[in-house]
Amino acid sequence: MKLSFSPEDEKFREEIASWLKANLSGEFEQLKFRGGPGDEHMFPEERKQWEQKLAEGKWTCVGWPKEHGGRGLPIEQQVIFFEEYARAGAPGRVGHIGEGLAGPTIIAFGSDKQKQKYLPGIVAGTELWCQGYSEPGAGSDLANVKTKARFDESKGKWIINGQKVWTSLAHESDYCFVIARTDPDSKAHKGLGFFLIKMDQPGVTVRPIEQITGTSEFNEVFFDDAECDADDIVGEPGDGWKVAMGLLGYERGVSTLGQQMAFKNELDQVVALAKENGAANDPVMRQRIADLYLRLKIMRFNSMRMLSDSAGDGSLQKEALIYKLYWATWHRDLGELAVDVQGETGQVLEAEPYELTRLQSLYLFVRSDTIYGGTNEIQRNIIAERGLGMPKEPKW
Amino acid sequence: MDFVFTEEQQMIRDTAESFLAEVSTSEAVRKAMVLSAGFDEALWQKICADMYWQAIHIPEEFGGMGLGYVELTAMMEQMGRYLLCAPFYSTVCLGVNTLLLAANEEQKAEYLAAICEGRLTATLAYCGVRGGRNAEDISATYSQQGDDFVLEGECGFVVDGLTAGLLLVAAREKGSSGESGISLFAVPADTAGVSRSNLPVLDQTRKMASVRLESVKLAQSNLLGAAGQAWPVLDNVLDLATIALAAEQVGGSQQLLDSAVEYSKERVQFNRPIASFQAIKHKAADMMLRVEAARSAVYYAACVADETLQGGELAGELKEAASIAKAYCSDAYFKNAGEAMQIHGGVGFTWEYDVHLYFKRAKASEHMLGNAAYHRERVAHVILD
Chain L
1 MKLSFSPEDE
11 KFREEIASWL
21 KANLSGEFEQ
31 LKFRGGPGDE
41 HMFPEERKQW
51 EQKLAEGKWT
61 CVGWPKEHGG
71 RGLPIEQQVI
81 FFEEYARAGA
91 PGRVGHIGEG
101 LAGPTIIAFG
111 SDKQKQKYLP
121 GIVAGTELWC
131 QGYSEPGAGS
141 DLANVKTKAR
151 FDESKGKWII
161 NGQKVWTSLA
171 HESDYCFVIA
181 RTDPDSKAHK
191 GLGFFLIKMD
201 QPGVTVRPIE
211 QITGTSEFNE
221 VFFDDAECDA
231 DDIVGEPGDG
241 WKVAMGLLGY
251 ERGVSTLGQQ
261 MAFKNELDQV
271 VALAKENGAA
281 NDPVMRQRIA
291 DLYLRLKIMR
301 FNSMRMLSDS
311 AGDGSLQKEA
321 LIYKLYWATW
331 HRDLGELAVD
341 VQGETGQVLE
351 AEPYELTRLQ
361 SLYLFVRSDT
371 IYGGTNEIQR
381 NIIAERGLGM
391 PKEPKW
Chain E
1 MDFVFTEEQQ
11 MIRDTAESFL
21 AEVSTSEAVR
31 KAMVLSAGFD
41 EALWQKICAD
51 MYWQAIHIPE
61 EFGGMGLGYV
71 ELTAMMEQMG
81 RYLLCAPFYS
91 TVCLGVNTLL
101 LAANEEQKAE
111 YLAAICEGRL
121 TATLAYCGVR
131 GGRNAEDISA
141 TYSQQGDDFV
151 LEGECGFVVD
161 GLTAGLLLVA
171 AREKGSSGES
181 GISLFAVPAD
191 TAGVSRSNLP
201 VLDQTRKMAS
211 VRLESVKLAQ
221 SNLLGAAGQA
231 WPVLDNVLDL
241 ATIALAAEQV
251 GGSQQLLDSA
261 VEYSKERVQF
271 NRPIASFQAI
281 KHKAADMMLR
291 VEAARSAVYY
301 AACVADETLQ
311 GGELAGELKE
321 AASIAKAYCS
331 DAYFKNAGEA
341 MQIHGGVGFT
351 WEYDVHLYFK
361 RAKASEHMLG
371 NAAYHRERVA
381 HVILD
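From first to last, the protein sequence lines are chains L and E. Residues in the first sequence are numbered consecutively from 1, following my numbering. Residues in the second sequence are numbered consecutively from 1, following my numbering.
Rather than coming from a laboratory, the hints here were simulated on the basis of the structure. In this text the structure is predicted, and so the values were computed from the model without any measurement. Glycine residues also receive a C-beta, built at the ideal position from the N, C-alpha and C atoms. Be aware that one or more of the hints could be misleading.
Claimed, not checked - Listed next, the stretches of chain L that the computed footprint assigns to chain E, with coverage defined by at least 3 CB atoms under 8 Å from CB atoms of chain E: (1) 286–296; (2) 337–343.
Unchecked claim - Computed footprint of chain E on chain L, listed as stretches where at least three residues anywhere in the stretch have a Cβ under 8 Å from a Cβ of chain E: (3) 271–279; (4) 384–393.
Throw the hints in and build the complete structure from the sequences for me.
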C-alpha cells in the first residue's frame, strides 16, 4: 500500500496546472468556480467556448484511447487532471455527458461508422450531448420505459415517440442518447434499443423544468415522430438495456476525485464564512464542520481505494458500490450546513424577486443529489442485493 | 499510487483471519473473558511462538519481523472481528510503540527482545482515574531525588494493567501543568511501591486496571527520553495506538454486519426471510457503507502511521489521520452494533448471542483514546482556529 504519485505523474500535474493557469484567464476568468451543480444554467455560451479552448490544448477526453482522439492517460494522471481542473476552479463541463457517457458507450458498443461520425465532435468540444433515460413513469424503475421506436421501412429510419424527463443540458445539446422500446409488446429491460438522436429536428421539443431553485437546469424532451437514422442505433434492437447499463461503470470513475475537489471548494467557502461570522466558535457548528471535513477526506481515501482496486474489468467492488450513496448524502449535509452556518441571515435572498445566493442555491440543489442517478433508497437496495447478497423484493 | 494491500499484506491478513477463526471462537472468548487475566495464557504463548505477531513491527535488529503499520492494522482488524482476548493491543500498540518512539537503544534492546521472545507483555499507563486523552489528564507525579526519580499517584484505565510485565508510565514533574514536565518511565510491574487492581468494566473482553504508585523509586535507566519533555512523543504514541484501535473497530463493525446479514437471511417472518424487507436491507446497506468508509479511513491512517515510524513525508498528517479514523470508526462501530442488535430482534438481546459482546466493546472502544466528538473537535481546532 503506497500513497505517493510518481515523479512523472507530478510533472504531469505541473503541466495541466500551468496550462489552466495560463488559459483560465481573460474572457474565461469569469467562469471560475461557475457552472457546477446548482449553477449549471449559468454562462452556457462562454462555457461552450471553453470546451473548445480545452480541446485546443488536447484537454478533452483525456482518458479516451489515443486512436479515438483521447490522450490515453493512465488512471493516476486522469485523477490528477480532474483534481487540478477542479482545484483551478475551472467551470462545470458542458461536454461532460458526451465525454463521460455517450463517447465511452460508442467506443464500447458502437459501430465504426458511429465512431467516425460522433467521436470527433465530442473530442473537439463542438458537439454536446444529453441523456434520454428517465421518463415520467420510469424513474427509480428505469426499465419501465414507454418511449417507442418503430422502424419505418419506407423512410429507412427509426421513428421515435414518447417523453423523456430530467434531461440536463437538453436545450444546449446537439444529440441525445435515448433508450426506447423497439418491441412494443416487451416489458421491463427486454425489447429496448439505444438510439443516437439529433436534437435539431421538427419532432423534438425541449421544455425546461422549473426547479425549487426557481431556475432550470433540467428539461423535459418530447419526441413526436422524431427520426433517427437506421445506422444510429447502438447494438441491435433489444440490446438497449445492456448498452445503457454498460455506461454505469463509467459513471463512477476517475472524475470522482475531481468532484471531490469541487466539494472541497464549497466546504472551504462554508469554513471561511463560519470564521468570519463567529459560527466557528459555536461548539455544535464546530462538530458539524469537522464532521463534513473528515467525511470528505474519507470520500477521497475511499476513491483512491476504488481506483487502485478496480481490476479494470468493470466489476464493482464494495467501496465503489457505496460511492453514490456516500457522496450524495455528504453533499446534502453540506448544503444544510451552508445555510445553517449563516443563522437567520442565511434566509436573506441575493435580490428580488427570487435570486438566490450561491449557498442558498447549493442548499436547495443538493436535494436532487440524493434522487437522480438512483435515489439513496435505490442505492441501498443495490448495496444490499449486490454487495450483501440479500434477496430482492418479492414481485406482486 | 497503489492504495491496496500488496500480496504479502493480503497474505498476512488472510493468515490472521483463518488462525483467529479457529482459536478465537465465541466459546474461547467467553472462557477468556471471565478469567481475571482476561486471556488464555496458553493461547498467547501460542501466538507468540507460532505466529510471532507480537514482533510484527519491531525492527529486525531487535529480533522483530520489521513489518509496517499497514500489516499491523490488517491484523488488528481481524482481532477486532474475532474479539481476540490477548494482550496484543496493550503490548504491541501501546507498549512497543512507546518503546520505539521514546526508548534509547539499550532500553529497546532489553525490552523489545523480551517482547519478541514472548517473555514480556507491556502496557501504557498515562491518564488518571478519570480517564482522558490530554496532557492535563496525566496526574501521576514524579520528583527527582539525586539521580533517582520517585513516582506517586494513580493511573486509571490501564489496558491489561493487571497482567502486563512492563508498565510504561507517564508522570508529570510535581508542580508542572499542561504539556510541560511530562516524562515517560519504564516500570517493571514488580517494582516496589507498584500495586494493581482490576477495574471492573462493562466490556468484559478487554481488561482494565488501576495502578497505584507509592514512592516508586526509579533509576535514570528507567527514564525513556529526556525528562520533562515526553509529551510530543506520548502524543504520537497515542495517535499510533488510536489508528490501531480504529482498525480493530473496523473489524468489529464488519463482523456485526456479516452476522446481522446472515441472521436476516435465515430468520423467516411473514413467510419470507426478513432479509427481503427493505427496512432490513436499508439498515444493512448503511452498515456496509459505514464499514467500507471506516476501512478507507483506516487504510489511509495506516499509511500515515507507517511513514511516521519510518520518517516519510506523510508523518505530518498523523494527528489528522488518527482523528479522522477514530471519529468515523467509533461512530461506525457503535451504530453498527446497535443496528445489528435491532436486526437480530429478540435473540440479539440474549446473553447467548454474541451481539452484546460487540455492542459493549464498541462503546468501550469509542471512549478509549478520545471519543468521536473529541476527535472532531481536534479536527475543528486545526481548520477553524
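### Message
Taking 8 Å as the Cβ threshold, is the statement that the stretch 337–343 of chain L is covered by chain E upheld or broken by the three-residue rule?
### Response
violated (count 0)
### Claimed coverage, the stretch 271–279 of chain L by chain E - three or more beta carbons nearer than 8 Å
As far as the stretch 271–279 of chain L goes, the hint holds, because 3 residues have Cβ atoms under 8 Å from chain E.
### Query
Do at least three Cβ atoms from the stretch 384–393 of chain L come closer than 8 Å to Cβ atoms of chain E?
Three-residue rule met by the stretch 384–393 of chain L, so holds; n is 9.
### Message
Closer than 8 Å Cβ to Cβ for three or more residues is the test here. Does the stretch 286–296 of chain L pass it with chain E?
### Response
Per the Cβ count (8), the hint holds.
In this structure, only the earlier hint numbered 2 is contradicted, and the remaining ones agree with it.
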